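**Q** Fit chain B to the given chain A structure using the hints.
If you read the sequences in order, they're chains A and B. Mapping of the first sequence onto this note's numbering: position 296 corresponds to residue 296, and the numbering continues sequentially without gaps. Each number in this note's numbering corresponds to the 1-based position in the second sequence with 1000 added.
Hints may contain errors.
Cβ-Cβ distance ranges computed for the label pairs, FRET-style [said to hold, decoys possible]:
1) A/GLN156 / B/ASN1155: 53 to 63 Å
2) A/PRO28 / B/SER1293: 41 to 51 Å
3) B/THR1137 / A/ALA326: 36 to 46 Å
4) B/PRO1100 / A/ARG276: 36 to 46 Å
The hints are simulated quantities; they were obtained by calculation from the structure and are not laboratory data. From a predicted model like this one, the values you see are computed outputs, not experimental measurements. Where a beta carbon is used, it is the ideal one built from N, C-alpha and C, also for glycine.
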Amino acid sequence: MTSVIRPTADGRSPRAFLEVRELCIHFPTEDGLVKSVDGLSYSLERGKTLGIVGESGSGKSVTSLAVLGLYNRNNAQMSGEIWVDGEEIVSASPETVRKLRGRKMAIIFQDPLSSMHPFYTVGDQIIEAYRVHNKVTKAVARKHAIDMLGRVAIPQPAKRVDDYPHQFSGGMRQRAMIAMAMSCDPELLIADEPTTALDVTVQAQILDLMRDLQREFNSALIIITHDLGVVAELADDVLVMYAGKAIEYGPAVEIFERPEHPYTWGLLASMPRLDRELSDRLIPIKGTPPSLINVPSGCAFHPRCSYAGLTNGASLNVVPELARGASHLVRCHLSVETRQQIWQREIKQELEGTA
Amino acid sequence: MSTAHADRSGPHDVLLSVSGLQKHFPITTGLFRRQVGAVQAVDGLTFDVVRGKTMGLVGESGCGKTTTGRLLTRLLEPTGGRIEFDGHDITHMSQGRLRPLRKDMQMIFQDPFSSLNPRHTVGTIVGAPFRIQHVKTPHGIKRAVQDLLKLAGLNPEHYNRYPHEFSGGQRQRIGIARTLALNPKMIIADEPVSALDVSVQAQVVNLLEDLQAELGLTYVVIAHDLSVVRHISDDVAVMYLGKIVEMADRDSLYTHPRHPYTVSLLSAVPVPDPRRRDSAQRERVLLTGEVPSPIDPPSGCRFRTRCWKAQDICATEEPPLIGKPGDMDSHLIACHFPVADDEKVAGRKAPASVV
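Bound conformation, chain A alone (with noise of 0.2 Å):
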């Protein structure tokens, strides 16, 4: 289990593999300041799995994006900390982290056909990268994309290393994709939705395939998806998040099975499950998701809340803390005592069909 550190910047000089601390992310717009990721903490280590939920719009893919330095320098607005093996990202320069990506940390994109270059092969773009960061023969690099291919589980990878992307099917496009990502043995690999665009049969192959290549070369993995079940099928830590902030934080299991927030009981509770009594309702989140533009003030989730009125207006002006709960962190006015109790009296039953 990673550590769950502290969110304050205090200069301590980072002792996980990877740290995040107070990032921001702003975005300046003609329609106002969209600010995209605001004060976000957490921390992974080497061999460990943090699986990031959140809706569209939540700043789920931009943190991604940010630690990898992969943000446009000329509109956005960085503040904060990264820290990746000792090394700060928000203040090197493009020359430094682009050193990095690659080696140290890659990612894995959601849509394997639109993220493949469609005029070269497979295997052009999988020496490609290994090549700007190895100094190898085109051989030796050729080589070892039929390695990768075939550790992947590519049928025939000396064959279909000449192929191009369109000549694969989605399920193996995804897979040449995570052969392209670790190609130069990443420390830190992220997965932004890997899943998403593949049928579960597939998807079930893939989240299989992305478990044994990090044991195998234990890399750190941050799984994004807004899908719970793949979360709980690969996740270590969980962080939930909601308009640009965590708003739960904490150990996989402790986040399934004791969740504290009004948000992440909504989300359990939206959707239909195998392994459950059929009920004869779904229970929504009432609403939509907020526009970033125009974040709701206090508790962003307040005009969602079912529970917004016992906080004494509380929620509506002042934005809560990401406090320590009853074992994890948790963004919510109410007391960690009501927050017990509404789970363990009406939120539970709901869930498991016994109420």
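**A** Leaving out everything else, chain B in the frame of chain A:
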């Protein structure tokens, strides 16, 4: 409840009856468009949909479920078989004669971003069916549209807004309001919630259920999400490569899946419970390889190339879709070796590189 044609004489009031439905898309080549083959997208479907019930069609991408939806609404013309809707044979009906029937069958599309004209206001979009079908509304079209918006859970004051001003969930509601305009008997919903955020999916699923209860609608829901299909369907048909491999009422299918494909599909769904992660992995039936091409489907049983129970007979003889002794009459399976209730299917690990 959908039943086989053998016992169609039952008391059920069948709204839509399909037998031997087939759609082969020709593959042509050369100057004279000589036909060299065919994509057998849908190949012999037979099922009934009972008035007021919901039929779910599940399967992986490329199994022909969307093509089926388009055939049912006659957006495509079948190359074989017969579709009977509300007593009319619509299999080869001309578009002109079909138009009055279009009032009774409507479609909800997957992507609420591309299925609404961005240059039309909500009022124009939802009111279009009235204008096209020359339907007289008692208090004018505007009033009728506002009633529909209210029915779909939207604010009637948004009459003059454009689609881009709405979120994904609201747009899907606009699409639903449009389909309800002419008071249809049947709605074909092609992946109605898969493009929406988790918390909003539940809202739309509940809306669809409420409307069915209120207006007595009949649904055919096409989806790849097995848990959503379980939630809203009365009957479920599982498709693989253009054929139905298993069809039963919901409870029977989800508690006693018989076809190896259904078993593996159900086991591949990630369960949002981190404690069950290890046991879920052990029980998972991993399918190897990819879905074969529908241009040249495997002989005999189409699933045999990925099936762990396949024997010689599977390659030579195509299994018919029939009931098995011991099951409910309505539970139909197309398999030579159906999975028994207590059969151990656990622990199969996919070999690393199998085509």
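**Q** Please go over all the hints and tell whether each is borne out by the structure.
**A** Checked hints:
no.	hint	result
1	A/GLN156 / B/ASN1155: 53 to 63 Å	holds, 57 Å
2	A/PRO28 / B/SER1293: 41 to 51 Å	holds, 50 Å
3	B/THR1137 / A/ALA326: 36 to 46 Å	violated, 57 Å
4	B/PRO1100 / A/ARG276: 36 to 46 Å	holds, 44 Å
Figure legend: structure checked against the earlier numbered hints; the only hint not met is number 3.
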